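Here the structure of chain A is known, so what remains is to put chain B in place on it, guided by the hints.
Chains as they are written, first to last, in our numbering: chain A, 277 to 693; chain B, 9 to 253.
Hints were generated in silico from the structure; no laboratory data involved.
Just so it is clear, the structure is predicted and the values come from calculations on it, not from any experiment.
Ideal placement from N, C-alpha and C gives every residue a C-beta, glycine not left out.
Incorrect hints may appear among the rest.
Far from chain B by the CB rule (all over 10 Å, computed), these chain A residues [to be verified]:
(1) Gly327
(2) Leu550
(3) Asn588
(4) Gly632
So, partial list: chain A residues that the calculated Cβ filter (under 8 Å) puts toward chain B [stated by the list, open to error]:
(5) Arg284
(6) Arg592
(7) Glu593
(8) Val600
(9) Gly601
(10) Gly688
(11) Leu689
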Amino acid sequence: MLTRLTLRSLGNRRLSVALTVLSIAVAVLLLLGVERLRTETRASFLNTISGTDLIVGARTGSVQLLLSSVFRIGAGSNSVSWDTYETISGHPYVEWAIPLALGDSHRGYRVLGTTPAYFEHLRYGTGRKLHAASGDLRLGTFDAVLGAAVARALGYRVGDALVIAHGTGQGSFATHDNLPFRVAGILAPTGTPVDQTLHVSLEGIEAIHVGWESGVRAGAVPEAAHLHEHELEPSEISAFLLGVKQKMHTFQLQRAINEYSREPLLAILPGVALQELWNLVGVAERALLAVSALVVLTGMIGMMTVILSGLNERRREMAILRSVGARPMHVFGLLIAESGLIGSCGALGGLLLLYGALALLAPVLAAEYGLFIRLGAPSANELRIVAGVVTLAVLMGLLPAWRAYRNSLADGLSIRL
Amino acid sequence: MLLDRVSYTWPGANRPALDDVSLRLDSGERLFIRGGSGTGKTTLISLIGGLLQPAAGRVTVLGQDLAALSAGARDRFRADHIGFVFQMFNLVPYLSVVDNVLLACRFSRRRRDRALGADPSAPDSDRHAQAVRGRHALIEEAERLLARLQLSAAVRARRQVTDLSVGQQQRVAVARALIGGPALIIADEPTSALDASARDGFLELLFEESAAAGAGLLFVSHDEALAAHFPRSLDLRAPDGEDSC
Chain A
277 MLTRLTLRSL GNRRLSVALT VLSIAVAVLL LLGVERLRTE TRASFLNTIS GTDLIVGART
337 GSVQLLLSSV FRIGAGSNSV SWDTYETISG HPYVEWAIPL ALGDSHRGYR VLGTTPAYFE
397 HLRYGTGRKL HAASGDLRLG TFDAVLGAAV ARALGYRVGD ALVIAHGTGQ GSFATHDNLP
457 FRVAGILAPT GTPVDQTLHV SLEGIEAIHV GWESGVRAGA VPEAAHLHEH ELEPSEISAF
517 LLGVKQKMHT FQLQRAINEY SREPLLAILP GVALQELWNL VGVAERALLA VSALVVLTGM
577 IGMMTVILSG LNERRREMAI LRSVGARPMH VFGLLIAESG LIGSCGALGG LLLLYGALAL
637 LAPVLAAEYG LFIRLGAPSA NELRIVAGVV TLAVLMGLLP AWRAYRNSLA DGLSIRL
Chain B
9 MLLDRVSYTW PGANRPALDD VSLRLDSGER LFIRGGSGTG KTTLISLIGG LLQPAAGRVT
69 VLGQDLAALS AGARDRFRAD HIGFVFQMFN LVPYLSVVDN VLLACRFSRR RRDRALGADP
129 SAPDSDRHAQ AVRGRHALIE EAERLLARLQ LSAAVRARRQ VTDLSVGQQQ RVAVARALIG
189 GPALIIADEP TSALDASARD GFLELLFEES AAAGAGLLFV SHDEALAAHF PRSLDLRAPD
249 GEDSC
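The following block holds chain B by itself, in its conformation from the complex:
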């Protein structure tokens, strides 16, 4: 993933939220991005996710220049290749734990196939056969990921996600980000709602699992202390006097 001298100004704002930012993340690598509020964190994530188009510069993910894709194709690209974990409220309240994880497969054929262990290049007839046993196999895969993230069988079977603890919710969100093996995980302050002991455990799991999946991890936080866990870090500095997200 590559950002090359990217700038973005929100409509109506008189200063850019991001000004001339460049960064690079190789596959399987972990990168810490430090930034408090108003440093353009959300803008950065939205640019990489393809929800915004930079005013200047270029965003390339997996060798694909996002500007070359239509809005719909960027949404599909995001579904196929990027998993997100946010600060909180990661889960859809009316879906069960497993269905929340499987949400990532609903919008991406590629991640669905990969979660099934299917070969995306296989002929359609084979893929159809896989799809038939699909739902059951998908649930198994979601269960496997949730178990790896140390969620007990009792938690995994919950129909209501709203009564999970925040730490449990965040781990469900990680399982969703990981399922179907996207190339890039973007974590936006995923630990700020956790207490210190839960935070370290969570980070460890996040690192382990994204490494096991071979995904690059882009970790955005205002918390300096976390930078020590990463081989590389980058500062996003607030443009003077600007207080935007």
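Okay, chain A solo, but in the shape it has when bound:
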């Protein structure tokens, strides 16, 4: 009975009501968006390093090592010598080792030099293995294995040729165009930075840098036919990933690497480094959440203002309702229903906006930042936020409802306007 009246009454003021709903929806979008980004970033990062026991690089900050090696964010400053890599990967505790050589790019995507061990041992998500969507996971000297997103964005198919640029700038003019690579395989999507990466062999990386020892193209660079004249064993790599035979040995191995005497090294447990990262950004996250919550509150105050300011001109309407037998509690309920309805529409609208925004932005976030945001069902936390917003709206509705209740008690049937 009351909901019908409420709907009609709101319909009568549809412009101001629609704007109020919109302002709440945008605020809710902000709050849900921050929450979704926060949890999805964590899940996405955690997915990426599942199965890796230790990350080893030159001595630096553990968060920096984690970001540069696994997430290709920022630049790893120092490198690890190939000798050291060989020594440590031969350690009896080590099950497998994956070398990572970063530094070059192809049309904005990172090029990673590695070995076939990468496809063999890297795990993502819940222990899932990489596999090819087309072609082979083969790393001959001039083979390239493309991440799913790279292949899709740049339109590469197996057999296509590509040229790698020196450095990681988007518009790098220094290209290794003397030695083109051939697409050997394309990986199935993983939802990790692997999708954004071109994988080549360490020998390939070495080969394209012959004649580039000073960092620029200096003098003669070889053609593919003459490469056999050059030693293609790499001299250094950016970092490497380790898997241990027995988890209980992880800490011992970590200590051994950190105390390695011939080169200053840092070995990190990815989970611990991630935790460190989250502690670092936690303050910013909480600040963002707080600001978003305040924006929601602002929207609610706006709603309260709209309802309150309409009350005076609606006193007549209330008196008519009273004359046909509405109790003051009915008037109270009518206004609570109004704010509850506005709040619900705003919260649901925010949820819809969130999914719309995610659908639009998820590809951009994945391509630009390597953040993989899933379009999954709302989490318990998000539902709690939605429920909280509706509750808040009802609570905020108490004040106008109370005023209308008082008015209708005082006014009775008389319409003194």
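Chain B in isolation, oriented as in the chain A frame:
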């Protein structure tokens, strides 16, 4: 309906708005109450409607002493048994013509049932069956009343009540007061916003329809001339120097 030596003073006022007023209205009867501003008209209506409680004396409607009812029960009693027509602004602006009439049935089960021609004493299961075809039958009843009040089909179908003329609005209000057959119609200056020719037509319709419904009519106005239309009239006199409503 009976008022027995009723007095009421508004909070903060130093003189009573109503002082020792007695009146009686039998079922089906018409009574004219003459009173200008400040004579306690609104107070009187609020007392009969059960919105106010007299400081002294007793208000009895249909044999029910209103003081014996709780505030909520008085609201229900008003919904069930009294129809109101005010001077102007009788209609809820965001409801259609028909929905404005049906408003009276929203808050009163009894008037809803009676508007449906249902027997309120019938068992619940029968009443439920009636309720199923209810909304449609209610609209028909509202239409019937509106047609009796000489509102054309075009007017009855209006979704917006705000562009009706005042005379049309007043007739919609009468239809609302009449639907579901309340025992008492209280009309508070319903004609003062109408011109003379519209006024006489309106009164005629009001009398006819309330008589047809068997409802008592309590008509309050400052306009002496209208008293001639009523078999009985009563003066409300302003307490000296008091200028309250």
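Structure-based check of all given hints:
1. The beta carbon of Gly327 of chain A is kept farther than 10 Å from every beta carbon of chain B, the shortest such distance being approximately 63 Å.
2. The claim that Leu550 of chain A is not at the interface with chain B holds, since no C-beta of that chain comes within 10 Å of its own (minimum 56 Å).
3. For Asn588 of chain A, the shortest C-beta to C-beta distance to chain B comes to about 14 Å, beyond the 10 Å cut-off, and the non-interface label holds.
4. Taking the minimum C-beta to C-beta distance to chain B, about 31 Å, the non-interface status of Gly632 of chain A holds against the 10 Å cut.
5. Look at Arg284 of chain A: its Cβ gets to within about 5 Å of chain B, closer than 8 Å, so that hint holds up.
6. Given the 8 Å rule on beta carbons, the hint for Arg592 of chain A holds: about 5 Å separates it from the nearest Cβ of chain B.
7. Hint status for Glu593 of chain A: holds, given a least beta-carbon distance of 5 Å to chain B, under 8 Å.
8. For the restraint placing Val600 of chain A at the interface with chain B, the shortest Cβ-Cβ distance is roughly 5 Å, inside the 8 Å limit, so the hint holds.
9. Using the Cβ-Cβ criterion of 8 Å, the hint placing Gly601 of chain A at the interface with chain B is satisfied: the shortest such distance is roughly 2 Å.
10. The beta carbon of Gly688 of chain A is positioned within 8 Å of a beta carbon in chain B (closest approach about 4 Å), and the interface hint is therefore held.
11. Taken as an interface hint, Leu689 of chain A checks out: its beta carbon lies about 6 Å from the nearest beta carbon of chain B, inside 8 Å.
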